[in-house]
Amino acid sequence: MASVDLINLEKTYGGGFRAVHGINLNIADGEFMVLVGPSGCAKSTTLRMVAGLEEITGGEVRIGGKVVNSLSPGERSIAMVFQNYALYPHMKVRSNLAFGLKLAGVPKPEIRKAVDEVAAILEIEPLLDRLPKQLSGGQAQRVALGRALIKKPGVFLFDEPLSNLDAKLRASMRVRITELHKRLKTQGLSSTVLYVTHDQTEAMTMGDRICVMQGGHIMQVADPKTLYNRPANLFVAGFIGMPEMNLIDGRLDGDAFVLGDQRLPLDLSRLPRRPAQAVLGVRPQNLTPGATGLTGTLAHVEFMGHDVNLHVDIGPARMVATMPAADFDRLDRAGDRVTLTPDPSALHIFDKDSGDNLSL
Amino acid sequence: MNTSLGNVLRYTLLIAVGLIMLYPLIWLIGASFKTNSEIFGNASILPENPTLDGYIKGWETSTPYTFGRFFWNSFLIILPKTIGTAISCALVAYGFARFDFPYKKILFGTVIATLLLPNVVTRIPQYILFRDLGWLDTFLPLWVPSALAGDAFFVFMLVQFLRAIPRDMEEAARVDGANSLQTLIFIVVPMLAPALISVCLFQFMWTMNDFLGPLIYISSVDKYPVSLALKLSIDTTESFEWNRILAMSVLTILPALIVFFLAQKHFIEGISTGGVKG
Ligand SMILES: Nc1ncnc2c1ncn2[C@@H]1O[C@H](COP(=O)(O)OP(=O)(O)OP(=O)(O)O)[C@@H](O)[C@H]1O
Ligand SMILES: [Mg+2]
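Just so you know, the protein sequences line up as chains A and G, in that order.
Here the first sequence stands for residues 1 to 360, where the numbers follow our numbering.
Here the second sequence stands for residues 1 to 278, where the numbers follow our numbering.
Mixed in with the good hints, there may be bad ones.
Below, computed lysine-lysine pairings styled on DSSO-like, alpha-carbon distance capped at 30 Å [to be verified]:
hint : chain 1 : residue 1 : chain 2 : residue 2
1    : A       : 102       : A       : 185
2    : A       : 66        : A       : 133
3    : A       : 66        : A       : 92
4    : A       : 102       : A       : 168
5    : G       : 105       : A       : 92
6    : A       : 133       : G       : 265
Computed from the model, here is a short list of chain A residues facing chain G with C-beta under 7 Å [as the list claims (entries may be wrong)]:
hint : residue
7    : 13
8    : 16
9    : 17
10   : 40
11   : 71
12   : 80
13   : 88
To be clear, the hints were calculated from the coordinates, so they are not data collected in a lab.
Using N, Cα and C, we set each Cβ at its ideal position, and we do this for glycine too.
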């Protein structure tokens, strides 16, 4: 059993900078948890505290229920894959893979067997006698993955492992890692994963659950679907989804959202309270041209292949609506007046001050 | 057309300057095969009647010992000094570059400060210290301080080199279960190898050439290293046998030359730093 629990975890760096503000997160055994957030939000710091590479200045990390705060990385039953691979430059691939087992005193024939097994899974057999500098980025990343895999750890830690690869390779590695995780799980091997990325596509496609962080705080922890459909606050709403969710400042009046001189009638009975200043959130995919809704001027049309993005200026606000390109042929062109009708079931009302989503 | 002419000019100039720089060395080698009288009688580099006389007589020396004895003495100083320097400086540099400990800044500042301290200032206190330890006329004062990371320059050089190496590999090793010492031995030292080779080479050459140290601490002729022994052959004979002195000088620079050429590749890699390639 290798669940991971972060309990009031804090990190204050030497200079007094508080990077992690007492976060709580429970990762179940075998779960694929993704930590996602903008640069500098302390994803790496959090991961490194779990790994034991960064001192914990407050709270606890538990692995398999056991407090590991004072254990060295080698004693935590973890393996880590680094962003720039961190292969040992003077060792052949084979020795890179074997290093951990060798230190642990595993007998040679067993090491050999383990290396061959992992090499077969990752298709790196032809590379075993090369030095790291003789590998391409993708190959090096697979070796780094192999070095983690061979230890059969309780927990895998990844710190942006794909960000040095080109887009195509990234997509295929994404699938490979996800399938590897499933495979370990079906084999009954403990395979809890904590995966750090700033790429929301990676987060959405790979994670069983996603933990969105900002500025050393956790903003929301949920499965991808919930995160997308029911973002808990403005930050998550803006962070997840492509193109970004439209977030429009306005106020609530009676049973309508008021933007400039336009009123959008809404069912506001479910709101727990009325915010002084409201933000209306609606995804571009949930806007369609129609008869009622918000009207504005079509400023710009982006052709995306299958879809088009319409950029519409409504008063001071800019809204984006995405629709199939096929439907757009019959629509107006730039400069024309367009009325966008939101799907009422996909509307969110946020409190501008606290950022909370009131319509959940 | 212009480039080929330019190349000719360039290489002529380089060869000319190179020859001027190398002239003393070439002359030294040539003169070591001359007779004593020819050295001053004939300005040419090549000897008219090459003779090994200087080498044979010089090797015998005017003392009861052959020159081989002095080489052996030098070796007995250089070996522990070089190995000790490599090990101790790697340990100290690793500590300074990779660990946080109380008063680290002050301590590192102190190490660097000793770099700036003129040698003469410490000569007398050091002499008294070693005298009280009973180390006079032994090799110990010549190598023990260096083998305890006493050469701040080397520590500084290794620290700078280490700082240029990313920590990821060491962190990966820690995750793989290595402790600090295993990380140092299996991961850091191999990456540090070019710098360590430079350190050893410098130490080797400087020790081989060191004259003042042995002069101060060694009083028995049977313990003289080559640097002192060379001077000895000038002191003890009434009319200097220059060809013997020159012949022994050639032998003295030979080890340094050989070692340098053997390790040249690593040496240059080491002093031009750069750390690890991606
Ligand atoms: N050694 C350190 N000393 C002081 N502050 C640090 C140190 N390392 C990181 N920080 C700060 O802590 C915060 C979190 O850094 P961290 O590296 O965890 O961010 P991140 O989420 O991984 O970002 P990225 O996506 O860019 O990798 C940043 O504001 C950073 O400046
Ligand atoms: Mg990071």
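Among the hints numbered above, which are violated by the structure, and what are their numbers in rising order? 2, 3, 4, 5, 7, 8, 9, 10, 11
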